[in-house]
Every structure is written in structure tokens, then in C-alpha cells.
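Colleague: Here is how the chains run, residue by residue.
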Amino acid sequence: NAGVTQTPKFQVLKTGQSMTLQCAQDMNHNSMYWYRQDPGMGLRLIYYSASEGTTDKGEVPNGYNVSRLNKREFSLRLESAAPSQTSVYFCASSSGQGSYNSPLHFGNGTRLTVT
Amino acid sequence: EDQVTQSPEALRLQEGESSSLNCSYTVSGLRGLFWYRQDPGKGPEFLFTLYSAGEEKEKERLKATLTKKESFLHITAPKPEDSATYLCAVRGSGGSYIPTFGRGTSLIVHP
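Chains as they are written, first to last, in this note's numbering: chain B, -6 to 108; chain X, 11 to 121.
The hints are simulated quantities; they were obtained by calculation from the structure and are not laboratory data.
Any given hint could be a false lead.
Taking lysine-lysine pairs in the DSBU-like style, the calculated list, with each CA pair at most 30 Å apart, reads [claimed, not checked]:
| no. | chain 1 | residue 1 | chain 2 | residue 2 |
| --- | --- | --- | --- | --- |
| 1 | X | K52 | B | K64 |
| 2 | X | K67 | X | K89 |
| 3 | X | K52 | X | K69 |
| 4 | X | K79 | X | K67 |
| 5 | X | K89 | X | K52 |
| 6 | X | K52 | B | K7 |
| 7 | X | K52 | B | K50 |
| 8 | B | K50 | X | K73 |
| 9 | X | K69 | X | K79 |
| 10 | X | K89 | X | K73 |
| 11 | X | K52 | X | K73 |
| 12 | B | K2 | B | K64 |
| 13 | B | K2 | X | K67 |
| 14 | X | K79 | X | K89 |
| 15 | B | K50 | B | K64 |
With beta-carbon atoms standing in for the labels, derived distance ranges [unchecked claim]:
| no. | chain 1 | residue 1 | chain 2 | residue 2 | range |
| --- | --- | --- | --- | --- | --- |
| 16 | B | S77 | X | T36 | 25 to 33 Å |
| 17 | X | Q13 | B | K50 | 14 to 22 Å |
| 18 | X | R71 | B | S60 | 22 to 30 Å |
Backbone N, C-alpha and C define an ideal beta-carbon position, used for all residues, glycine too.
Make the full structure from the sequences, and use the hints.
Modeller: This is the structure we're talking about:
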């Protein structure tokens, strides 16, 4: 099993450009998440999807949009990139909202630099 | 609001020098406490889930323990390959199933 797959692994954007980060999981998980990780800040939740067809804002949603394309795929879009969005982005999945004991499984991240 | 504080922020050990990492938490009704390992350039990798005070879990040189206010990750006779950042997260029963993460402890084990 591949687990959680993120593409691309690296990306450099200029201020104002747009891009979509892709995430797919093959574990039949219901819930999916997008986090960003910055030095000294830890993991911060951007958006999450409790189940197919639903999305909700997390701690730092401004400047981002998401799409839960189907049960496997959850994408994150930056409409107009800003230098403050330079970060490492992680996608994660878990069994579901009703499974409080289910851990998150993470992809290996997308390293984004906005110049 | 659930809170997680990890200490120390960074820890340097010599190979074979045992030590412990701390995760203090405040949560309304603990549903689960999770430990993860994160290697440079990789995503966090799940290690353990603990559910109730007194519970212990072990994996190779790692042992996680849980009290009502904190969890410890004990590392016995560490090796350089144990070098990583260790993250702690909690899930409470306060309404959201979203876990709250600590900022992690960066562990370096010198040969």
C-alpha cells in the first residue's frame, strides 16, 4: 500500500501565481486533512474533510481552498500565492469522525516556496 | 480548548544514554493520546496510541506511558537512528475529533 501520496514534492511559485496540491489515500479512510508545518509553529490545520462531500475550516484557512474530489482524493488550492504561504504542506487521513482512537496517517509533504 | 506542550524542545544524547521526552496536555475527556516520529524531509509516522492513565506501550527502544496530565516517551539505550522529531497529539471528547498537536521534541543521538 502506498498510504497517503502527495504531489508535487517541491514547488516554487512567484507571488500571485496559483497552484493546486494533490493528495490521494488508498486506505479507504473517510476523513482527510491538510496541515502546514513551519519552524517553531508545529503542525497547523488548514482544512479538513470529515467525509466525502464535506469540508470545514481549520485553524489557518485564509488564502486556501479545498476540494474533496471523491473518497480517495483531497486537493488544496492556493489562488494567489503569497510569501507567507512558504511552508511544508502535509496531507493526512484517518478512519473517520466516529473513530476517536484512529491515528492520522501522513504523506511526505509538499515543500512550497513563494518568492 | 485542548492544549499540548512538549518538553524539551531539543535534546542531545550520546548513544546508549537513556532519557525521556515529556508531553503535558489539557483536554476535556481524553479519547486518545498519540505519539509520532518525524524524520527530516518526511511526514510524521504513527508510533503509539494511549487511551487511559496507567497504560504503557512499547516498540523496540521506545516506551510510552500515560498519566492523567502527561505522557512520557522513554528512550532506552538510544542509537543514532533514533534521531528524529517526536510529536505528541491528543483527541478529546469536547466536540471536535480533530487532534491537537504539540510542537515536538527534536532528538539527536550522537554515536
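Colleague: Against each hint, give a clear statement of whether it holds in the structure.
Modeller: Evaluated hints:
1. K52(X) <-> K64(B): Cα-Cα ~24 Å, so holds.
2. K67(X) <-> K89(X): holds, 19 Å
3. K52(X) <-> K69(X): Distance of about 20 Å is within 30 Å: holds.
4. K79(X) <-> K67(X): Roughly 17 Å between the alpha carbons, so the hint for K79(X) and K67(X) holds.
5. K89(X) <-> K52(X): Given that 30 Å is the threshold and the Cα spacing comes to 19 Å, the pair holds.
6. K52(X) <-> K7(B): holds, 25 Å
7. K52(X) <-> K50(B): holds, 25 Å
8. K50(B) <-> K73(X): violated, 35 Å
9. K69(X) <-> K79(X): holds, 22 Å
10. K89(X) <-> K73(X): holds, 15 Å
11. K52(X) <-> K73(X): Holds: K52(X) and K73(X) sit about 22 Å apart, inside 30 Å.
12. K2(B) <-> K64(B): Satisfied, since the Cα-Cα distance of roughly 22 Å is no more than 30 Å.
13. K2(B) <-> K67(X): The given pair, whose Cα atoms are some 33 Å apart, is violated under the 30 Å limit.
14. K79(X) <-> K89(X): holds, 29 Å
15. K50(B) <-> K64(B): holds, 18 Å
16. S77(B) <-> T36(X): 25 to 33 Å: Holds, at about 29 Å.
17. Q13(X) <-> K50(B): 14 to 22 Å: holds, 20 Å
18. R71(X) <-> S60(B): 22 to 30 Å: Since the Cβ atoms of R71(X) and S60(B) sit about 42 Å apart, the hinted range of 22 to 30 Å is violated.
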